[in-house]
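Visitor: One-letter residues, chain by chain:
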Amino acid sequence: MAILTVTFIIPRLMPGGAFAYLIENPNISPEFREALIRQFGLDKPILEQYALFLREFFLSGNLGVSFYYRKPVMSVILDALPWTILLVTGSTIVSAVLGMLIGLIAAAKRGRVFDRALFNISMFFRSMPAFWLALVLLIIFSYYLDLFPLYGAYSYGRTYESIFEYIADVVHHFTLPFITLTILTASAYSILSRNSAIDVLTEDFIITARAKGLPERTILYRHTLRPILTPLMTMTAIELGYSIGGALMIETVFSLPGVGKLMYDAILMTDYPVLLGIVIMTSAVTLMLVTLVEILAAIIDPRVTLT
Amino acid sequence: MSESGILQFLNPLLKSGTGIVGLILIVIPLAMALFPQYIAPYDPYKRVARPFQQPSLVHPLGTNDIGQDILSELIYGARISLFVGVIAALATVALGSLVGLIAGYYGGLVDEALMSVTDTMLLIPILPFMMLFSTFMGRGYINIVIVITIFAWPGVARYVRAQVVALKTQPYVEAARAVGAGAARIIFKHLLPQIAPTLAALIMLRACASMIAEAALSFLGFGDPIQKSWGTMIYWARRSGAITSGAWWWITAPGLMITMTVLGFAHIGYILEEYYNPRLRRY
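These protein sequences, in sequence, are chains A and B. In terms of my numbering, the first sequence opens at residue 1 and continues consecutively. In terms of my numbering, the second sequence opens at residue 1001 and continues consecutively.
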């Protein structure tokens, strides 16, 4: 339902495609522009263009040609997308699990030092711009301590003996960006799971479990964990938009070759087709991930029905 | 706001430790924004020392790549950062409330159409949209305010709509309708005043999001290159090689100010929200 709405709205939000291509761009020659105009039928009426754009997008995934890379926008984005998806899904999974555990412990110690400290620390991290946390970690750990590389997702120009060496190199490059994003999202998850766990802890079945003489630990990890998974899943769906936005900024800071960096470069080059393509693709990927989370939620909690 | 209005607003804040912390965190940048000429030790646009100096007694936060005093830059930068954050928050809440009031009051098809747009915009990452629109509109802080407002209203609209749906079946609203009050009169004279207190809390919380969005857009270079905001300072710091020369003071100071101010708005927002909506109380 939501996906249908989006595919309806997004092309409408775009200024007709034509607007973007006709903006004066010193990087492209008049002939190239003429060719683009003919290729995309920009000399035709706006409604026909709109139909043409939709047909191109839905039939062949065509989003136009990049001014700067002189390649189809789709292939430029698909080159960058895996890095971003790796960063976002990886840190989402880790921070959801981490946040859930921290939240549970805070709920068990409600009102005590750990709980209050958690609340204040989470608020503090959530008040930071993502790119700034990235810059601070970068200057501490890469410049002063020299533990991690200053930029990139792998060492440029290096040859690898084996695939494992390549993976190790990528992991080394990804550690800081990953930690940055995880700190920011884990804060939100821990607050949410704390609040839901406190609601659950006042329910009758918990009192029953206590009356049976079950140890607190069992009550916490067996009886409380499952009911808070559903709100956590819903939260994951909502958090994804924030995560992807954060990832774009963090990639820019760390010069990871993902969508964020691509978008930053596209802004500098005023490469409108790439910009438009990224907006469409990030929305599409987010909705796909949200749908995936909803399916997972339905598997975990039978009370949730798919719409 | 009348004098008693301000007192009413401050009262819940002064009753809690968090509220007082929040007020202190806001008063500092507010003073910087209002009277920079009395607080700043130097002219932030003048070259006053050697470039890339570490923090010292003469220059507590060091100097930048062209020898400007960073503390003075920071103090002068407060005005634009706060201005953009607060104006964008006000505009966002105004637009969001309007959509929420209309959707909640009319219901039916209008409601469904507006809410499907709202829900979609809440799910998708709005930062790429903001970046795209900023590229179209060009640099400048007014454009940043406009871009933030265009994409930040859906959260407000959802919140306001939920309240209006609960309010509109109240007897006093029905009475107003029975004596022949029009839709506009009911919405603005009867519904809006009821939700106004919670809107104050929303403005504070939206100011947080707006300030972070402003910082991000300025950091990407969408700010006005001549006027300085905290985000723009970080933009220049990164462009001028603050990372590769290890100038941690230049990066840290403006970001810390953003974080502190946002934290202050968040504290005040949450306290006000709890005060006017006691069901949310955490402890």
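Treat the hints with caution; some may be incorrect.
Stated by the list, open to error - Covered by chain A, per the in silico footprint, the following chain B stretches (three or more residues, Cβ under 8 Å):
#, segment
1, 1073-1087
2, 1210-1218
Unchecked claim - Reference excerpt, derived from the structure (chain A facing chain B, CB under 10 Å, subset only):
#, residue
3, I183
4, V259
5, M263
Said to hold, decoys possible - Derived DEER-like restraints, expressed as beta-carbon distance ranges:
#, chain 1, residue 1, chain 2, residue 2, range
6, A, I238, B, G1140, 28 to 34 Å
7, A, T230, B, G1107, 45 to 51 Å
8, A, L214, B, L1010, 33 to 39 Å
Calculated directly from the structure, the hints in this document are not laboratory data. The structure presented is a predicted model; accordingly, all values stated were derived computationally and were not measured. Backbone N, C-alpha and C fix where the C-beta goes; we use that ideal spot for every residue, glycine too.
Visitor: Count the residues of the segment 1210-1218 of chain B whose CB lies closer than 8 Å to any CB of chain A, then report whether that count reaches three.
Guide: Holds: 3 residues of the segment 1210-1218 of chain B have a Cβ under 8 Å from chain A.
Visitor: Could you see if the CB distance from L214(A) to L1010(B) stays within 33 to 39 Å?
Guide: violated (48 Å)
Visitor: I183(A) was flagged as interface toward chain B. Is the shortest Cβ-Cβ separation under 10 Å?
Guide: Because about 13 Å separates I183(A) from the closest Cβ in chain B, which is outside the 10 Å limit, the hint is violated.
Visitor: Honestly, do I238(A) and G1140(B) meet the 28 to 34 Å range at C-beta?
Guide: With Cβ atoms ~31 Å apart, the hint holds.
Visitor: Counting residues of the segment 1073-1087 of chain B that have a beta-carbon nearer than 8 Å to any beta-carbon of chain A, does the count reach 3?
Guide: That given contact is violated, which follows from only 0 residues of the segment 1073-1087 of chain B lying within Cβ reach (below 8 Å) of chain A.
Visitor: Taking 10 Å as the limit, does the beta-carbon of V259(A) come near enough to a beta-carbon in chain B?
Guide: It holds, given that the least Cβ distance between V259(A) and chain B is near 8 Å, below 10 Å.
Visitor: Does M263(A) pass the interface hint, meaning its C-beta sits closer than 10 Å to a C-beta of chain B?
Guide: With Cβ-Cβ at 6 Å, under 10 Å, it holds.
Visitor: Verify the CB-CB distance for T230(A) and G1107(B) against the hinted window 45 to 51 Å.
Guide: This hint is violated: roughly 28 Å between Cβ atoms.
In terms of the numbered hints stated before, the structure departs from hints 1, 3, 7 and 8, listed from lowest to highest.
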